[in-house]
Every structure is written in structure tokens, then in C-alpha cells.
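Chemist: Single-letter residue listing:
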Amino acid sequence: MIFNKIELHNFRQFYGTQEIIFSIKDGKHVTVIHGENGSGKTALLNAFNWCLYGKTDLPKPNDLINEFAYSEMDKLGKVEMYIELEFKSRQTEYLLRRTLKFEEKDKWTFAKDTTGEVTLKYYSDDRYKEIGNPSIELNQILPENMRNYFFFDGERIDNLSKQEDSLEIKEAIKTIMDLEVLERSIEHTKSVKKQFMDEFKENTNDSTKLVVNQLENATSKLDNMKVELDQVKNNISIRKSQKQDIEIKLSKIDSIAVIQQERMELEKEKGKSEMELRDVSKKITQKISKEGYLAITRSLVHRVSERLEETNNTRSSRVEVPIRVLKTIIENDKCICGTSLSDGQDALAEIKHLLDHSSPDNEATSYAYLSGDNKLVDSYRNRFFEDLTDLRKREANLIEHIDDTMNRIEEKSAEISKRDFEDLNGLEKKRKTFELEIESYQKDLGLLENSIENYEREIKDLEKQLAEQKEIESKAVISKKRYETSAKILDVMEQIHIIKENEVKVELKERLKKVYSYFLRKEYSIDLSSDFTLIVKNKSQKKVAMSQGERQITSLSFIGAIVEMAREKYNKRSGNGIGEGGIYPLVMDSPFGALDSDHRKRVAQGVHKLSDQIIVILSTSQWKGQVEESLSNYVGSSYTLDYQAPMVSGDPSFEFTKIEVSSK
Amino acid sequence: MENVNTLEEVLMRLDNREKKMLKNILDLEKAALDRNSQKRVQIKKEIYDVIKMGVKSE
Chain A
1 MIFNKIELHN FRQFYGTQEI IFSIKDGKHV TVIHGENGSG KTALLNAFNW
51 CLYGKTDLPK PNDLINEFAY SEMDKLGKVE MYIELEFKSR QTEYLLRRTL
101 KFEEKDKWTF AKDTTGEVTL KYYSDDRYKE IGNPSIELNQ ILPENMRNYF
151 FFDGERIDNL SKQEDSLEIK EAIKTIMDLE VLERSIEHTK SVKKQFMDEF
201 KENTNDSTKL VVNQLENATS KLDNMKVELD QVKNNISIRK SQKQDIEIKL
251 SKIDSIAVIQ QERMELEKEK GKSEMELRDV SKKITQKISK EGYLAITRSL
301 VHRVSERLEE TNNTRSSRVE VPIRVLKTII ENDKCICGTS LSDGQDALAE
351 IKHLLDHSSP DNEATSYAYL SGDNKLVDSY RNRFFEDLTD LRKREANLIE
401 HIDDTMNRIE EKSAEISKRD FEDLNGLEKK RKTFELEIES YQKDLGLLEN
451 SIENYEREIK DLEKQLAEQK EIESKAVISK KRYETSAKIL DVMEQIHIIK
501 ENEVKVELKE RLKKVYSYFL RKEYSIDLSS DFTLIVKNKS QKKVAMSQGE
551 RQITSLSFIG AIVEMAREKY NKRSGNGIGE GGIYPLVMDS PFGALDSDHR
601 KRVAQGVHKL SDQIIVILST SQWKGQVEES LSNYVGSSYT LDYQAPMVSG
651 DPSFEFTKIE VSSK
Chain B
1001 MENVNTLEEV LMRLDNREKK MLKNILDLEK AALDRNSQKR VQIKKEIYDV
1051 IKMGVKSE
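Just so you know, the protein sequences line up as chains A and B, in that order. All residue numbers for the first sequence refer to my numbering, where the first residue is 1 and numbers rise by one. All residue numbers for the second sequence refer to my numbering, where the first residue is 1001 and numbers rise by one.
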């Protein structure tokens, strides 16, 4: 998405119709808009937001129309305001206009609903054609939940590294990297698969119908549980992060810093032991399910051994002739007792009978093998018990250690609670609440994981049963094949999604680190966790509480890394429709406001590289000096918001802003 | 560490006919994203047809 033009009509300070044409020239892709305090910089940033999503972050959101224009209603009977945006997205030109209309009867009752009317058109066959679902289309072009990052308010930007934003980050990555196509395909193929299953059911017998119903039931329960599992996991991450934030705050209170540090160490140790315990418990379960049968082999081994002994004793009274001896006798036509076999038919028949009933290994060998195997079973059984005892011991030790650590944590907590410090009790209480919530979520998680495992097993069994159904009507055969094919394709789509999401995550991590180290002076490192949380750590790998400027740089680095990566993917796109990225703009209001001079210089030097279109709205004092030096070479167009003080030519008087092409 | 297959490994699970169906479905979805709301409404029917035509007889 690249903006060509914005037209403002009676919006906030902007009276009448005024426009800004954005620079899209290669190498001159920065548009600078200068404005002093109160001239409408933030209003301009919000004009993008309002036009695209019908929302603003302005202090009086219902008060969008220009006061001067509104006052003209007496004369005109009605008045309107609108914002029009001309932009290009994935080779298509769009024209978007959002309008609010006021009539005489509404006078002085400013619109409660400021969403307005929206029309979105795209250019095709030499004309603009209107789009039926503008909000859906716009959300696909630039997702609404990311508006604060693309329309970046330097003075209000919040901390992107908060856990609560991890879902937003995930969504943004998905949309911007163009995984939407794949996700929609998965969703739709799922319902098509169900349709084939229904067709199959219609044409089949009652017993098969029963299996299909059970299968459908189990699949739908499994799907619901997976959604629930994701929610519980997300809740755990949020609470953990909130708890961690409180712990960082506590470690900054001098009087308890040491105890808090010790408590954090103990928490870490507890976490490690809990992980180890989970591992040991898993090993115990696996051992029992794989080798548990050995536990009941004792009497069986004993009985086999007795029987073998008995057989061996009986066998010793018989003489067994080896096969090769019998074969030689037949070849020689003569028995070892001298009887000629050709003469005596009975003798030959007897030898042949012996040959037919001899095993390659004679009884003695078989006895040896069986006794050996029987003893081996016994030794496996002993080893199974030894291993299990060891694992159980480790499990008990770990449980004891965790209990002990928990007691020590409790002691530290009690010590902290005793200290007298403003806010301390509040922080401790919150910490405890989060801790209890985490415990409760973890219990839910365990139960859900178990149920999911059971349902997955049940589904596999039912699918096997279904595959074995023999009496299927010929009509049903084809539906079943179609169902199986859609299931196979669906499975591959889901795998591709995992691969693509992983690819994006790995690449984004690297890019983020690069941009961050370039922008930020301190030796902080940034990481993207497996659940898409941004984690900023200091040199000693501890999570840090950031200043406003550092938060701003973190947010800018994140969005910059995504925009840069999406652009690269778009330029290298293969045309297969999966994860092809796109071009995105960055619109920034006062991006350098909270930065010190060194950080200002670093950001100014690097920001033009992040996107194919940069629109910067800032005051002259922010522009002058390092920012101007670093950015002016890339500026393609420049405007000034010229603030006009209230007119005294009559009553009432109104202030307004004129947008002028600037020579700066 | 989660064991993730490569794209090639995953695609190998499909035969040529199934690969073609997968490509058709993705193309349809891509087209449906392109503002044509009519296609959007029909997308499930279109995917249904892709598989129906792809798996015709014995």
C-alpha cells in the first residue's frame, strides 16, 4: 500500500478542501509535513485513521467537523466533512472517501456516531468501480488492529513489548506477510471436507453412519478444545508477563531488592525443577505403557521354565535324527542299519515321514533357544523394575525439592510483605493474584492436553474403523474418496502454514535484532518469543523496564522490521499465493519527540530504509539539525501546516490551518 | 525443539493430481481476496467443485 494523496474537507482545523500529494519517487520517498503546536499534526495523522477505519484517537472524537464550516450551516442549511485517500495496493489503484453530513435539524447536536458513510472504489477498465464490503477490503489491505503502528503517534505510542499485544503481533505478521490466503483456504476446505462427509453419510448403511457420527462429534470437540487450549496458553503467557513486570518493579525498590532477587532466583529454580519433573513423569508413563507387561511375566516365566524342563527330560529318552542324516540316507538308498530303501517301501516311507516332521533346528536347539529367551524376559523384567524405581526416586526427590523451594519462596514473600513501603502491598497482592491465576490456568492446561490426546486417539480409531467398513454403497465410495482427498490436502495446507509461520518468525527475529541494534544505543537485545511476544533484555539477560524513548524505538524497530521484510518478500514473490508480503507505508507524527539527541540521530539516519513510503509530521524544532541533515536527501515533497489564529473579522471567530507546499 | 518439515517434504505427500487441486484452491482464494465479493460468497462452492472434479471415478 502506497498513498498518493489525501484530501481533507472541513476536518478539524482544516477548513474547506485542502490536499497533500505524497512523494512516491524512488529514493525521494519521504514526505515531510511541518507544523507547530496546535496546527493540526495529530489531526492529520488521525485523518488517515478516520478515513480508513472510522476511528480516531483525538481528545474529542465526536467533534470532527471544522467549527467554522459548521457555523456556516445557518447560511447553507447543510454542511459536510470528508477525508479522501488515493492509494495503491498490490497493483490496484483505490479511492476511499469517508463522509459525515450535518443538516440544519442536527444543529449543535454533534454526531454521536462518527463512523460516517464510506465508499471504496478501485480502478479497472478505465473507470472506478465501487466495492461492496469496504471495511473487509480495507482490513485486508492494512489491518485495523495495526493502525497504531503504521500511523505512529510518537507522543502516545505504547509499549509494544507488552504480552497483551502478542495476538496483535501475530495477526499483523499473518496479514502483512500474506498468510491470509492460506488461512482462508484452510477454513473453507474444512467445511468442504465436512460436506463430502455428509454426502458419504447419506449413501451408507447404519453402522457406518454411526461411526461417521462419532467421528464428527469427536472432531468437533477436538477443534473446540484446541481453541480453548490456545486461549489458556495465551492467558498463562499474559499473566506470567504481568507477574514479571511486577517483579521488575519490586526489584527496583531498594529496601527489598535483595530479597526480591533471591525470590526470583528461587522461582527460576522452581520452574527448572518443574520442567524436569514433567520430563521424568513423562518417562515413567512411557516406560509403563511400553514395558509394563513385563511386570506380570514372573509366574509366566516360571511356568514356561517348568514346562521346558519337563519336555527336556522326556526328550532325553528319545533319539532325534538330524535332517542332513535323513537326506543322506535317502540319497544313498540305504539305511544305516543296512536295509535297502528301494527294496523296502515301508522303510522309505518311514524315513520320509521322519524328514517331513523334523524341524530345521532339532529339539535340543529349540530348548536351548527357548530357555535363553525365557531367562532374557526375566532379566528385562528386573531391569524394568530397576529403571522404574530409579525414575520414581528422581520423581520423589524433585517433588520434595519443589516443595522445599516453594516454602522458601513463601518465606521470602512473607519477608517482603512485612516491609513498609508505599505501593508494596498493592504490588505483592497483584503478584499473588497473578500467581494463583497461573496455577489455575496450568491445571486447566493439563486437563485440556489430556483430553486432546484422548480425542486424537479416538479419532484415529474411528478413522481406522471407517476405512475397514466393507459394505459401502458405490455412491458413497466416491464421496469417501473426495472426503479423504480434502482431508489430505487440508493436512498439507496446515503443514505449509506451520512452515510459513515459522519461516516468518525466524526471519523477523533476525531482522528485528538488526534494526534494533542500529537504532538503540544501549546493549539491549530484542527477541521474539514462540508466542510472538517482544522481549527486551539487558546485557545480563534480564528483562528491562524501558523508558518512553526506548519503548518508542522498540515499536518503531518492530514495525520497521515487518515492513522491510514484507517488502522484500513482495519483491521476490513467486506467484504461488502463499506468504508473498507487500509494500506498506509508515506515517509518523512527532517520531523524534521523546528521543534524546543521539537516538534521534540514529533513528533519523535509518528510518528512510524501513519503508518505500515515509510520511513524517513534525515541528520545526524536531526537524532542524540532525533530523534534517539525515533525512533531507530523501525528501520528495514538503508541506507546512500554517496555523491561522482566530479571525476577529466578525463574531464568532474561528481558528484554522492552511496546508501549504513548503520550500523547506 | 519442534520438528518442522520442509515445504518440499510436505508437498511430496500429494500426488500430481492433488497438487493441482491444492494450487487451484489457493488461486481461487487469492482471486476471492481481490475485492470481487461475488467470488467470496461462492468460494466454498468453488473449492467443492475443484475436489469434486479432481476425484471423479474409481
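Read the hints as simulated data drawn from the structure, not as lab findings. Just to be clear, a hint being listed does not mean it is correct.
Restricting the straight-line Cα-Cα distance to at most 35 Å, the calculated cross-link-like pairs of lysine-lysine (DSBU-like) are [what the hints assert, rightly or not]:
(1) Lys272/A - Lys1020/B
(2) Lys488/A - Lys1019/B
(3) Lys1045/B - Lys252/A
(4) Lys129/A - Lys1056/B
(5) Lys572/A - Lys1052/B
(6) Lys418/A - Lys1045/B
(7) Lys55/A - Lys1056/B
(8) Lys121/A - Lys1056/B
(9) Lys1023/B - Lys488/A
(10) Lys488/A - Lys1045/B
(11) Lys475/A - Lys1030/B
(12) Lys88/A - Lys1056/B
(13) Lys60/A - Lys1023/B
(14) Lys505/A - Lys1019/B
(15) Lys1044/B - Lys226/A
(16) Lys1056/B - Lys75/A
(17) Lys481/A - Lys509/A
(18) Lys272/A - Lys1045/B
(19) Lys226/A - Lys429/A
(20) Lys221/A - Lys1020/B
(21) Lys464/A - Lys1052/B
(22) Lys1052/B - Lys334/A
(23) Lys1020/B - Lys226/A
(24) Lys609/A - Lys1056/B
(25) Lys1052/B - Lys509/A
(26) Lys170/A - Lys1056/B
(27) Lys194/A - Lys1044/B
(28) Lys1056/B - Lys509/A
(29) Lys1045/B - Lys429/A
(30) Lys475/A - Lys1020/B
(31) Lys505/A - Lys1020/B
(32) Lys282/A - Lys1044/B
(33) Lys393/A - Lys1023/B
Chemist: For each hint, tell me whether it holds in the structure or not.
Modeler: Here is how each hint holds up against the structure:
1. Lys272/A - Lys1020/B: At roughly 48 Å apart (the allowed maximum being 35 Å), lysine 1020/B and lysine 272/A break the hint.
2. Lys488/A - Lys1019/B: 11 Å, holds
3. Lys1045/B - Lys252/A: It is violated: about 60 Å lies between the C-alpha atoms, which goes past 35 Å.
4. Lys129/A - Lys1056/B: Roughly 39 Å separates the two Cα atoms, so the pair is violated.
5. Lys572/A - Lys1052/B: 34 Å, holds
6. Lys418/A - Lys1045/B: 67 Å, violated
7. Lys55/A - Lys1056/B: Not OK: lysine 55/A and lysine 1056/B at ~51 Å, beyond 35 Å, violated.
8. Lys121/A - Lys1056/B: At roughly 41 Å apart (the allowed maximum being 35 Å), lysine 1056/B and lysine 121/A break the hint.
9. Lys1023/B - Lys488/A: 14 Å, holds
10. Lys488/A - Lys1045/B: Holds, because 19 Å separates the two Cα atoms, which is no more than 35 Å.
11. Lys475/A - Lys1030/B: 33 Å, holds
12. Lys88/A - Lys1056/B: 42 Å, violated
13. Lys60/A - Lys1023/B: Given that 35 Å is the threshold and the Cα spacing comes to 50 Å, the pair is violated.
14. Lys505/A - Lys1019/B: Holds. Lysine 505/A to lysine 1019/B sits at ~26 Å (cutoff 35 Å).
15. Lys1044/B - Lys226/A: Holds, at about 23 Å.
16. Lys1056/B - Lys75/A: 71 Å, violated
17. Lys481/A - Lys509/A: 42 Å, violated
18. Lys272/A - Lys1045/B: 51 Å, violated
19. Lys226/A - Lys429/A: Status holds; Cα separation ~32 Å.
20. Lys221/A - Lys1020/B: 32 Å, holds
21. Lys464/A - Lys1052/B: It holds: about 24 Å lies between the C-alpha atoms, which stays within 35 Å.
22. Lys1052/B - Lys334/A: Status violated; Cα separation ~74 Å.
23. Lys1020/B - Lys226/A: Cα-Cα ~30 Å, so holds.
24. Lys609/A - Lys1056/B: 53 Å, violated
25. Lys1052/B - Lys509/A: 42 Å, violated
26. Lys170/A - Lys1056/B: This hinted pair is violated, its Cα atoms lying about 39 Å apart.
27. Lys194/A - Lys1044/B: Cα-Cα ~11 Å, so holds.
28. Lys1056/B - Lys509/A: 46 Å, violated
29. Lys1045/B - Lys429/A: 55 Å, violated
30. Lys475/A - Lys1020/B: The hint holds at about 24 Å.
31. Lys505/A - Lys1020/B: Satisfied, since the Cα-Cα distance of roughly 28 Å is no more than 35 Å.
32. Lys282/A - Lys1044/B: The given pair, whose Cα atoms are some 42 Å apart, is violated under the 35 Å limit.
33. Lys393/A - Lys1023/B: 55 Å, violated
Checked against the numbered hints listed earlier, the structure breaks hints 1, 3, 4, 6, 7, 8, 12, 13, 16, 17, 18, 22, 24, 25, 26, 28, 29, 32, 33; every other hint is satisfied.
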